[in-house]
Amino acid sequence: MKPILDWLDHRTGYRAIVHESLYENIPGGSRWRYVWGSTLVFVFFVQVVTGIFLWMAYSPSTQTAWESIYYLQYHVHGGWLLRGIHHYAAQIMMILMLLHVLQVIIDGAYKAPREVNFWFGLLLMLIVFGLGLTGYLLPWDQKGYWATKVATEIAGSVGREIPEMAVGGPDYGTQTLTRFFAIHAGVLPATLIGLLVVHLALFRKHGITAKLSGRREGFRQDFWPDQVLKDAVACLAVLLVIVFLSWQFRAELGAPADAAENYAAARPEWYFLFLFQFLKYFPGEYGKLIGAVVLPGLLVMFMFLMPFVGRSRTGHRLNIAFIALVMVGSGVLTLLALDEDYYAARVDRSQIAEVEAAFDQIAIDLRKNGQGSPYSDKEQTEQLAVFAGSDKAKNNILQDQLVRYQRYRTSENFISAVHAAEVEATRVKELAVEWDPQAEAYLPSIPPQGALALLRADPKTQGPKLFARYCASCHDYSGEGAEPVFTTIHPLAPETGEHVPNGAPNLYRFASREWLAGILDPDQVAKVHIDRNTWTVSDAPYYGNTNIADEEFGMVEFVQTDLADLDSQGKNKIRDIINALSADAKLPYQSELDKQAETSGQIAAGRAAFMEAFDSGACSDCHRWGDEIDDGGDGPDLTNYGSREWMMKMISNPEHIYGDHNDRMPAYDPPDNPSASQLSQEKIGLIVDWIRQDWPSSGDKGAAAVANKE
Amino acid sequence: MDMSTSPQTDPSPANSSGEDRRGLVKGLLAAAIGGFVALFPFFPGLLVLTSPLRKNRKTGGQMIRITTLGALAGSDSPRRFQVIAGRRDAWNKFSPEPIAGVYLAPQGEGNPPRAFSVTCPHLGCAVDYNGDTGEYQCPCHTSAFAADGQTLYGPSPRGLDELAVEIRGEDEVWIDYKRFEVGKSKQIEIPS
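For the protein sequence lines, the chains are A and B, in the order given.
The numbers in numbering that gives the first Met the number 0 rise by one with no breaks, and the one at position 343 of the first sequence is 342.
The numbers in numbering that gives the first Met the number 0 rise by one with no breaks, and the one at position 139 of the second sequence is 138.
Honestly, I wouldn't trust all of these hints.
[To be verified] Heads up, incomplete: computed chain B residues facing chain A, CB under 8 Å, no partners named: (1) Phe39; (2) Pro40; (3) Leu46; (4) Asn91; (5) Pro95; (6) Ile98.
In case anyone wonders, no lab produced these hints; they're calculated from the structure.
Don't be surprised by glycine CBs; every beta carbon is placed ideally from N, CA and C.
Full structure from sequences and hints, please.
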């Protein structure tokens, strides 16, 4: 062995290098306080190693970035750990860097002759910030997308060219990912390595800034083995923290980025939250320039000047005071940002009870009197002043609570946005897998267009959004088991208080047996509750709130006369009609019951009963129901009632079903008038499928299990 | 964190053997812990890197419809057809599209054609049928195969891989699509 090593040493001189690096002399001996620099180098090493492996898994384009990360995280052995380590090591690096910088400043290690090395350290710090910023975008999820967009817009306050170059055009897209990826995995790490080499070389040149307190005069130790051991133990501790975090709190992957979908939960990583909060205080066109570029720039500039400022004892104290101020300031800003976001989770609602009650009353008055209300067209502050009238004390309480109330509302929106984002993220992971009978496993099955296409075509998540936007101003969607996705308030019309406002049937479980039983129930068909205290119309599950309620010889009249006081035979008839009609809807959640009805002959009985007269007439007198039942009545055509096709037709153009009986339901996509179209057939289909609860892999426990695994 | 209270190494020669021993223990510990933390980041990376080897895959091929007998009539020379099938690639699922090629060689009226994979068993280039010479020729290393798949000349260790043919219904030609390791003298199926 020795001759070989001698040969190698002769050719390379490696022994001198090893000796030089291991036997650096440490005045005063090894210390735990010297480990921070080494841990930083170690974490960077971890990032390089895990980063290169992630590189092998990552595919930077708008159709594959999210998908490749999803695949790595949920379908590749060890993928979650690899990504988790990279994710948390980045954050630990910020903390370690902070400690390192603080130590250098407090110990005065920036002073002569180490000024240049201090500057290199500052440059390294900026590079690490850049790595954090660029890395946040790469998974291409909603969170990274929207947060990074803000960051590039800030760069845009200097000049439009900067974000355009970074983003590769005016809009975020594949070019943004390829560029950010090259910057994140190539440019910045290479620069960092170059600077780090100089940083370490200069560090060795000047030696450690020794702390000699408590040490014997003249006592020295070599770097090896004492300090190396301490460094290694510190690195081990750091590694354990990173692995523990990766294991216990799996790195997050939100829903795929969607420029068309607002994302109210967008926040930068925690280490940039102070800047995020800071920007709230700088309004106007130049606000972001001052808040995010000029002031932080001055701050960094001052840090570059620290070696000169710190020449005198006072100057050094000034530097310490400055960095302490910056630390406390950023800390406070971070806490403020978190507090504003999670205010609603922390504050007891009773603290805003008075102002909430006041706004409820104001809302009622506005509904009652519309523009005639004294609150009309007023800011909340003024509304409360009017509400309190001459009661000064009350006004003070209300105004005091108003601030809290507004913060509460903002925070509530944020928290619900976070929740909604989690729901979408979980859902898209359910949709991303399909059962493969050959492999007998759930395999990732994302279409080549990307996972966003899955989410956009998903009735379960898109249906409620579209319903809220286009339908919920008239229709309710509520009942036991319904997700409380929106609240519909039907205010009474202000002019008279008599006029029936918009308000159409509750569509929760539309066309199901219960729903039909309700509309054929004399007590419920025209049920409506007008509350003159809150000035609202509510509890009108069927026709109670529509013009159909007042039609002469209409449906409501028929139900209330012919179907009232039925004998048991009549009740059976109604039951059969309901079962037969509801089976036409082919609702997925009712398919078992429909099958039973078919085999037990209830459906045939129902179709027969449809043509049998009650007191004044039969259903078939007005309604067509397939080719066999067609007596030329002008009531809605019930052929395939409640089915996907029927509902699509109904929403596209209700007059095709209701004819002249249509009350105020608009035609959302009239086939004969494309320019009047408000909704595409695809979107109508999403609403219909959602109302019918007809969506892929609903209640598919296997898919959910795969999505939640790892 | 301050270690000033713990026993300190002393440079005086009287104590040197004890110091050496302590130094050795510390050195070994430092090397062990340092080695562990330096190697650990490779662990999840290598897990990911080697994950394809641990994938649950099956042999046995896949029956795929290629064409009809009618399309083969009128000529005796082999013709190239596309193998069309759905496939998965990492996270993607693709609807059926061409995934490979296959030669169907007519065997005369009343007999099913023989099917040969286009993959050259030498190093995996795609062979072409040359009607002039009546040979399958590999464009890469000039291996050549007879119409029945036997190696004529060149470096290929075995003849063209024949795939089982099944006639379904009236005249549908189906093949049992498989892939084999190249460069081996025996056929070894690659599981998918």
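Structure-based check of all given hints:
For Phe39/B, the interface hint holds, the least distance from its beta-carbon to any beta-carbon of chain A being 6 Å, beneath 8 Å. Interface hint at Pro40/B: satisfied, since its Cβ lies 4 Å from the closest Cβ of chain A, which is below the 8 Å cut-off. Taking 8 Å as the C-beta cut-off, the interface hint given for Leu46/B holds, the closest approach to chain A being about 3 Å. About 6 Å separates the beta-carbon of Asn91/B from the nearest beta-carbon of chain A, less than 8 Å, and the hint is met.
Nearest Cβ of chain A to the Cβ of Pro95/B: about 13 Å, over the 8 Å cut. The hint is violated. Using the Cβ-Cβ criterion of 8 Å, the hint placing Ile98/B at the interface with chain A is not satisfied: the shortest such distance is roughly 14 Å.
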